Amino acid sequence: MAKDSKKALIIGGGIAGMSAARELANNGVEVTLVEREPNIGGYGARFCCKASEECNKCSVCLINYNMDEIAAHPGITLLANSEVKGLTKSGDGFEVKLSQRPRFVDSGKCTACGLCTEKCPTEPKAIKLPQPQSVPNSYYIDVAKCLNFQGKDCRVCQEVCPVKAVDLKEEARESTLTVDSVIVATGFKPFDPSEKRQYGYGRMANVITALELEEQFRFQGKLTRPSDGKEPKSVAFIQCVGSRDIRQENSYCSRYCCAFAMRSARLIRDRLPETDVSIFYMDLQSAGKGFNEFYEKVRKEVDFIHAMPGNLDETPTQGIIIGYEDIAGGKICQKGFDLVVLSVGITPNDNAENLAETLGIKAGEDGFYQVISSNGSLKAADGAIFLAGACQGPKDINSSIAQGMRAAEEVVSLLTSKN
Amino acid sequence: MSESAKIGVFFCNCGKTISERIDIKKLKEEVQSAGGVQCIEEFESLCRKPEQEKLSSLMKKEGVERVVIAGCSPKLYEELFARTLKEAGINPEFLVISNIREQCSWVFPEKDTATRKALEDIRQKVSRAKSLEAFDEVDVPAEQKVLAIGGGIAGLETALELSKLGFKVTLIEKSSALGGRTLKLNKSYVIEENPKDYVQAKVDLVNKDDNIEILTETELVKLNGSPGNFTAKIKQSGEKKDLNVGAIVVATGLSTRFPRESYGIDLSEKVVTQLQLEEILASPEKSDARFKGDNKAHVLFVTGMIGEDSKLSTASALKNALLLKGKYDCLTYVACQEMKVAGDRLEEMYRKAREEGVIFFKYNGNPPSFVTNGSEIKAVVSDYFLSAGEKGIPQVKIPCDLLVLEENLVPTEDFAALRGTLDIKLGPRGFFQQDNVHQVPVKSNKSGIFLVGSCRQPMDIVEVLADAGSAATQIVSLLSPGKIKVNDNRWTIEKGKCTLCLTCVRFCPHGAIGWTRAAEASEGLCQACGVCASECPAIAIQVKNYTNDQILTELEEILNK
Ligand SMILES: Cc1cc2nc3c(=O)[nH]c(=O)nc-3n(C[C@H](O)[C@H](O)[C@H](O)COP(=O)(O)OP(=O)(O)OC[C@H]3O[C@@H](n4cnc5c(N)ncnc54)[C@H](O)[C@@H]3O)c2cc1C
Ligand SMILES: Cc1cc2nc3c(=O)[nH]c(=O)nc-3n(C[C@H](O)[C@H](O)[C@H](O)COP(=O)(O)OP(=O)(O)OC[C@H]3O[C@@H](n4cnc5c(N)ncnc54)[C@H](O)[C@@H]3O)c2cc1C
Ligand code: SF4
Ligand code: SF4
Ligand code: SF4
Ligand code: SF4
Numbered sequence: 116m117a118k119d120s121k122k123a124l125i126i127g128g129g130i131a132g133m134s135a136a137r138e139l140a141n142n143g144v145e146v147t148l149v150e151r152e153p154n155i156g157g158y159g160a161r162f163c164c165k166a167s168e169e170c171n172k173c174s175v176c177l178i179n180y181n182m183d184e185i186a187a188h189p190g191i192t193l194l195a196n197s198e199v200k201g202l203t204k205s206g207d208g209f210e211v212k213l214s215q216r217p218r219f220v221d222s223g224k225c226t227a228c229g230l231c232t233e234k235c236p237t238e239p240k241a242i243k244l245p246q247p248q249s250v251p252n253s254y255y256i257d258v259a260k261c262l263n264f265q266g267k268d269c270r271v272c273q274e275v276c277p278v279k280a281v282d283l284k285e286e287a288r289e290s291t292l293t294v295d296s297v298i299v300a301t302g303f304k305p306f307d308p309s310e311k312r313q314y315g316y317g318r319m320a321n322v323i324t325a326l327e328l329e330e331q332f333r334f335q336g337k338l339t340r341p342s343d344g345k346e347p348k349s350v351a352f353i354q355c356v357g358s359r360d361i362r363q364e365n366s367y368c369s370r371y372c373c374a375f376a377m378r379s380a381r382l383i384r385d386r387l388p389e390t391d392v393s394i395f396y397m398d399l400q401s402a403g404k405g406f407n408e409f410y411e412k413v414r415k416e417v418d419f420i421h422a423m424p425g426n427l428d429e430t431p432t433q434g435i436i437i438g439y440e441d442i443a444g445g446k447i448c449q450k451g452f453d454l455v456v457l458s459v460g461i462t463p464n465d466n467a468e469n470l471a472e473t474l475g476i477k478a479g480e481d482g483f484y485q486v487i488s489s490n491g492s493l494k495a496a497d498g499a500i501f502l503a504g505a506c507q508g509p510k511d512i513n514s515s516i517a518q519g520m521r522a523a524e525e526v527v528s529l530l531t532s533k534n
Numbered sequence: 072m073s074e075s076a077k078i079g080v081f082f083c084n085c086g087k088t089i090s091e092r093i094d095i096k097k098l099k100e101e102v103q104s105a106g107g108v109q110c111i112e113e114f115e116s117l118c119r120k121p122e123q124e125k126l127s128s129l130m131k132k133e134g135v136e137r138v139v140i141a142g143c144s145p146k147l148y149e150e151l152f153a154r155t156l157k158e159a160g161i162n163p164e165f166l167v168i169s170n171i172r173e174q175c176s177w178v179f180p181e182k183d184t185a186t187r188k189a190l191e192d193i194r195q196k197v198s199r200a201k202s203l204e205a206f207d208e209v210d211v212p213a214e215q216k217v218l219a220i221g222g223g224i225a226g227l228e229t230a231l232e233l234s235k236l237g238f239k240v241t242l243i244e245k246s247s248a249l250g251g252r253t254l255k256l257n258k259s260y261v262i263e264e265n266p267k268d269y270v271q272a273k274v275d276l277v278n279k280d281d282n283i284e285i286l287t288e289t290e291l292v293k294l295n296g297s298p299g300n301f302t303a304k305i306k307q308s309g310e311k312k313d314l315n316v317g318a319i320v321v322a323t324g325l326s327t328r329f330p331r332e333s334y335g336i337d338l339s340e341k342v343v344t345q346l347q348l349e350e351i352l353a354s355p356e357k358s359d360a361r362f363k364g365d366n367k368a369h370v371l372f373v374t375g376m377i378g379e380d381s382k383l384s385t386a387s388a389l390k391n392a393l394l395l396k397g398k399y400d401c402l403t404y405v406a407c408q409e410m411k412v413a414g415d416r417l418e419e420m421y422r423k424a425r426e427e428g429v430i431f432f433k434y435n436g437n438p439p440s441f442v443t444n445g446s447e448i449k450a451v452v453s454d455y456f457l458s459a460g461e462k463g464i465p466q467v468k469i470p471c472d473l474l475v476l477e478e479n480l481v482p483t484e485d486f487a488a489l490r491g492t493l494d495i496k497l498g499p500r501g502f503f504q505q506d507n508v509h510q511v512p513v514k515s516n517k518s519g520i521f522l523v524g525s526c527r528q529p530m531d532i533v534e535v536l537a538d539a540g541s542a543a544t545q546i547v548s549l550l551s552p553g554k555i556k557v558n559d560n561r562w563t564i565e566k567g568k569c570t571l572c573l574t575c576v577r578f579c580p581h582g583a584i585g586w587t588r589a590a591e592a593s594e595g596l597c598q599a600c601g602v603c604a605s606e607c608p609a610i611a612i613q614v615k616n617y618t619n620d621q622i623l624t625e626l627e628e629i630l631n632k
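Heads up: the protein sequence lines correspond to chains A and B, in order. For the first sequence, the numbering used here begins at 116 and goes up steadily by one. For the second sequence, the numbering used here begins at 72 and goes up steadily by one.
Quick caveat, the hints were computed from the structure, so don't treat them as lab data. The reader is advised that the hints may include incorrect statements.
Cross-link-like lysine-lysine pairs, in silico, DSBU-like; alpha carbons within 30 Å at most [stated by the list, open to error]:
{"#": "1", "chain 1": "B", "residue 1": "K235", "chain 2": "A", "residue 2": "K204"}
{"#": "2", "chain 1": "B", "residue 1": "K216", "chain 2": "A", "residue 2": "K494"}
{"#": "3", "chain 1": "B", "residue 1": "K554", "chain 2": "B", "residue 2": "K304"}
{"#": "4", "chain 1": "B", "residue 1": "K97", "chain 2": "A", "residue 2": "K224"}
{"#": "5", "chain 1": "B", "residue 1": "K157", "chain 2": "A", "residue 2": "K122"}
{"#": "6", "chain 1": "B", "residue 1": "K423", "chain 2": "B", "residue 2": "K468"}
{"#": "7", "chain 1": "B", "residue 1": "K87", "chain 2": "A", "residue 2": "K240"}
Using C-beta positions, here's what the derived DEER-type ranges look like [what the hints assert, rightly or not]:
{"#": "8", "chain 1": "A", "residue 1": "G336", "chain 2": "B", "residue 2": "G106", "range": "41 to 47 Å"}
{"#": "9", "chain 1": "A", "residue 1": "G403", "chain 2": "B", "residue 2": "K311", "range": "38 to 44 Å"}
{"#": "10", "chain 1": "A", "residue 1": "L326", "chain 2": "B", "residue 2": "Q215", "range": "44 to 50 Å"}
Computed from a prediction, not measured in an experiment: that's the story for all the values here. Where is the CB? At the ideal position from N, CA and C, for every residue including glycine.
Start from the sequences, fold in the hints, and give me the full structure.
So this is what it looks like as structure tokens:
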């Protein structure tokens, strides 16, 4: 890389943004990573390891591995709680306007001791860690819950904090930055299944989303039915919820969910060997190398049902009843399950359009950001703006990493050849 | 052993998460009274910058030479602390971390137990700190040149990227022309440009590029050396020559094989593989001759019968069914086990194909069979979704004017030989295997050798480009500093003890060990995993700082009160 240093901005600290950041920084580019949330990692930071007796290659552990690397990398400046407010061309590069919402806790000082949360009088707590193992490993105040912001005179956290990290008067910070290049890696939003009324999400307690399953295993270490906290004796996965579905205007495959369901099924069978697992599907998608061998293993443990359910019902005795067509038998069937998991699709992020306007990039018909040419480049506009990860279209963790690295490489190549 | 080195033990309270559950005062007293430690200090939270600065100046002032930090897991901040040591002028190898948080304060509810465990751990780590030996890091000059093997899109793109980044590349191609398999494709489902033109443009760029030397009809016959300094012997029409390169890019692509045993039918004028059809369609003359005027020809595509799980066959079937339908008005059918649509634009193409009248059969475990009668071919196909209960699944007979069968994607014929020369690992399906399925996919198990494109798994052109980019950046970070740091004397192999059983050679995951009269390892390739030392039956190999003696002493320190 060039001897005089170059600067890049990365928007979004999910796995795609993190991979790009690491790759750029390792090549001597000064990186500023802007993340909207109080912590980086994106959705992946909320997923669980899906190892049964063996690693099932879900790649989720890579997220934490990357988070730790980003935290420790001297070449990466991390701005959490921040967003890009404006972008203007300046020479070959850009001038970027950034705005950082107050966290009210100085992440450079906070030691994550947890004393503030212990003493905070609200329930649920207003001052907290975004999640266990969060990066930055610092607490923050949720303004909506904090008494101080509701006109009460509480300053408990500020007083108890042993390192004086809490500052209830902290204000938003605006700043500008000049960079040579920008990578957009703002990710996705899971499909909201309450739009598909027949699947009962929101009406039936024991119908949960794939994300809720991930979070149960990750944060509670086990799987239970929301209705009574008991272990489910039977679990069904319904695939393609909000994907490959023109009625939802999502006429694409989300690419992660077939593998997700199979891996999660193995995890459930490992943790709860008495529990039966079924997967209702349309077409099973491959998940990388060795998929056939993997599928053969899963088939021994899980009931694959080649049909998409019509509708779901709830009864007190049989749990959730799934109605579907037993196609080989040529009849309509019903089967009861303790827990139903909806494999929800990947949809464009909230506010994707606003950001597109700010950055001068384009979203396609399906709402995902578009590259400007089909020659394999990830360039999203005439200037040095590139895309990476699920903001460009549905993909799994490995493809997001590959794309993050590809975007970084395009940046390095562009900045080097300019010298 | 260095009994005289000045040792510092530094405690971190980690806010209060350690100090509330562990009696730090007692630990300090015990460490003090055990003796041999010159500097003991307590910090509030060492992961914070101001505290590190404090630590750094304390170490400098006291002349500390070896450091034990008692705090959180080394997974979290080992690198950070190593940098602090470096700043204070201490060799980072002399850092030992005692995990008294995750392994002590967080897991024992009683303060006494947690404190006792912490003390044992710290004693062990102090003994380790005493026995550590310094490494000599030596700089090996890194050749700013790369050898790329294979002139398909993968090799071409990697060479171009590397050239842009200022590297010289020698690109060797076995056949007489560059371009690879992409030249045979009629149309790509991922890029809009015609694949032939697309590769040809790359070939032209490579031809014009002064940084890239092209050698066709050339193969690699021998490889020696380590990253930064490989010597590659290549053979061009009988003539051999040596190249010195810093890194190797393997981009040899894949081959196809028609599995007659799975279909029970021979290839013929009317029965072709998908790639053969691609070749026909790629040439307007050939395809006009074949399809023009033959309106309403029945064309059946079959995928999913041969244990492949690549989306390439689905993609090829969809794009060509659409093309034959649109351009020649053929009646097109696709019989598949599963519609593999997890790729760019595939669902869209699938929908378009249905709208345009391509007929799909999902046979779900009941694959089609083929009946021939003279030159006539009939396929018997079923569709799971037309099942009629007890009456079973109805069978549909399709008279085929053309039957297009998916072929197996397999390693190239000379894969085994090349693999022998490179000494790298193969995966379950016989393709080159990346080092770690979870990490940078283009790294092979041998440092300095990179795998790009379909030689590591079947992939489409855009995926190949991503590989090429990633390999180029990896190579730049490896070679561009101009030198590679390697640890000198990382291990010792006692020649007298080595019985040449070659266990280490077989076990080394990084192909780092060879032999002459005793086993010999390469500093540049060794990644210090220690596998050889633990497997050697003659105990001839010792990895520095993990020698049997050191480990035994540490264990004794835990056990002796
Ligand atoms: C339930 C579920 C389970 C899954 N399980 C797996 C699995 O097991 N294996 C697998 O390989 N894949 C899995 N996936 C897919 C995986 O989540 C994605 O491939 C991956 O998260 C994409 O990474 P990303 O960085 O592109 O996006 P994200 O993870 O969405 O990260 C984007 C980041 O950008 C930030 N951001 C968004 N907008 C802005 C803005 N305007 N300014 C600044 N920052 C912004 C977000 O806060 C976020 O941190 C799963 C997906 C779902 C929904
Ligand atoms: C039926 C079919 C349809 C496809 N359709 C599409 C599509 O629509 N869109 C798409 O994007 N992709 C498609 N693909 C995939 C596409 O062909 C590959 O992605 C691409 O060709 C891979 O490029 P490569 O450089 O890795 O390998 P290759 O193109 O195979 O090139 C490898 C090169 O290395 C050379 N070589 C091999 N061994 C040696 C050696 N020992 N020494 C020196 N040189 C050597 C070979 O001669 C060759 O020139 C399709 C593939 C098939 C089989
Ligand atoms: S199952 Fe997933 S998270 Fe667990 S070790 Fe394997 S890849 Fe990592
Ligand atoms: S000010 Fe009070 S309510 Fe708000 S976070 Fe602090 S302790 Fe909690
Ligand atoms: S990966 Fe599977 S479940 Fe997900 S959208 Fe594609 S076909 Fe449906
Ligand atoms: S330590 Fe031994 S086994 Fe491991 S890489 Fe080095 S030589 Fe190979």
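Check each numbered hint against the structure and report the violated ones by number, ascending. none
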